[in-house]
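> Quick note, the sequences are listed as chains A and B, same order. The first sequence begins at 1 in this note's numbering and counts up by one. The second sequence begins at 491 in this note's numbering and counts up by one.
If you're looking for bench data, these hints aren't it; they were derived computationally from the structure. A couple of the hints might just be wrong.
Over 12 Å on every C-beta distance to chain B, these chain A residues come out as not near it, computed from the model [said to hold, decoys possible]:
1) 106
2) 153
3) 176
4) 206
Quick look at which bits of chain B chain A covers, simulated, 3 or more residues with Cβ under 8 Å [as the list claims (entries may be wrong)]:
5) 582-592
6) 607-614
The beta carbon of each residue, even a glycine, is placed where N, CA and C say it ideally should be.
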Amino acid sequence: MVQSVDHVALLPAYLAAGTAVLVFLVDLLVARRGAVLAAAALGVLATAAGAFWLRRQPDRQTFCVAGDACSYVVTDRAALLAVLFALLTLGVLAFSAPLLRSRAVPAGEYCFLLAASMTGGVVLGFAGDLITLIVALETLTVPLYILVGLRRQALQSAEGAVTFFVVSVVATAVALLGAALLYALTGAVHLGRLAAALTADNDRLRSLPLTATAVVLVLVGLAFKVAAVPLHAWAPAAYDGAPVPVAAYLSTASKLGGVVAILYVAVGALRPWLDVAGPALALLAVLTMTVGNLMALRQRRMVRLLAWSSVAQAGYILAPLGAFAVSPGRTTDALTVAVAATVAYTVFYVVLELGAFGAVVALRPADADGGSLTDYRGAAYRSPWVAGAFVLALVGLAGLPPGLAGLFAKVVVVRSLLGGGAGWLAVAVALNAVIGLAYYVRASVALFGPPGPAGRARVAWPVAAALGAVTLVALVVGFAPQLILDAAAR
Amino acid sequence: MSRRLYGVDGYLGSYATLGLLLIAGLLFFVAAFSANRLLRPARPAEPPGKRATYECGLDPVGGGWAQAQIRYYVYAYLYVLFAVESVFLFPWAVVYAQPGFGTTTVVEMAIFVAVLALGILYAWRKRVLRWT
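For reference, chain A alone in the conformation it holds in the complex (with noise of 0.2 Å):
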């Protein structure tokens, strides 16, 4: 029989998907880089416009197997979820411009794979069961093999490429092994179905080391897109070698992307099993803050101390989950604190993280990469705007007073972590916040050192309206942060 859908629900997946049909097109058909670009960013803003419209109406799912277990479910939090995928792919669609206008990489291929990515972020918030969530994660993911290895006369761009797909082939192999065997065990795939089957089930299931073995399994392989510990070398190789912009979607998206996967999985299937899985989230969260924020101290390349930096952030990202796993009874309410923590952290986390790779773009030549921290003398009194950006963002991330957005994200996650009980967890995140301080102060440093031979260049101005509107959205979550709070605890 043919299933009933319902195609209204499907709106922003089939928009996104649209987009990368008609960039495609236009690319074969017109070949002009303008066109190409534009029907790229006209595609992502009609993608935000019907993710948010689907916001306003009630509640759909579709997909469902006997009644109850849908595999696409359109909810409030979903719809927003596409709406920030969608404003992020028009950003470092922005970014991308100047890149683009250079030749260095081909603009449809690049326009139409960062859209098939772009779709992939879109349906990951409505997905319903485990194959659904793995195969928008993949279609989020694949596309940035290409991408990252895109820069052809340069060699670190094909070692990033390959080294990112060794490592993310790897780790969708071990989550789907996760999967595979929690479906052997339970028979359940839908999330809300694996949650009541390992509840029903509870006796049996824990006498079995394989239920241990697939949760373990199914968290470590998505802890990957985050660039957790365990599967976090890729990240700064590939960082380094992508284009700037593919840089900056890589560290917003694709990790919006893993943390939103790893929150569903943990949250909607798992928590039966959260007293198993939390350790091992907290241990990973301690040992990802401190492995990413030791090594950023190291570094010398502009991009690859972002890359640490936004390996320890993922520690941050983590640790609220991982303290209320090892919090004493594990209340409702205790998790829905810790899950508004992660979410709260996450947005101010991207937009900072945006907000510094877009000042990189607009600081650095339109074909360069990152560069070296020595290359970015002088940038303060050449572009005193953009450098301003810039400070502002490493700032916020580091957690300091300007940047009040970072400031509060550190707050929320901290006081999570003191009302779960795990003041161990917390004391590692304010070590780690002083420690971050050292890298993050030498970068802005970096930036008022004496002035380089390179001359003014002028910012493309696709660059700086997206520059602007992202710090101005720093800026007003910083001193409202509570519209982020009040949104991520519904």
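Once you've looked at the hints, dock chain B against the given chain A.
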């Protein structure tokens, strides 16, 4: 009883034959090479050209790192395009005429094929179908 003893009747039982075959193959291989080693005369010599690469009787030309034609990868990709398409077309072709399916099913498959056909369009517009 003996069948049960060897576990041949279980789910994994069908693999027992395969396992036996593997073991027999391994034993044959080891026996043949051991016999060869024991029976053959051993008078190693180093005539000129003994360790040169054998190329159908011709003298070897160039080094071991010969370059392959990279342009064939395009044809590999195009093949994958059609292979994936046919994997989904076959089960569809079995059911689409049955009651309960109909126009919707045909339209769905048309969309799927159209999306894959974009790959051909790409190859054509980028001039990779022309042999240079």
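> Hint numbers the structure violates, sorted upward?
Hint 1 is the one this structure does not satisfy, whereas the remaining hints hold.
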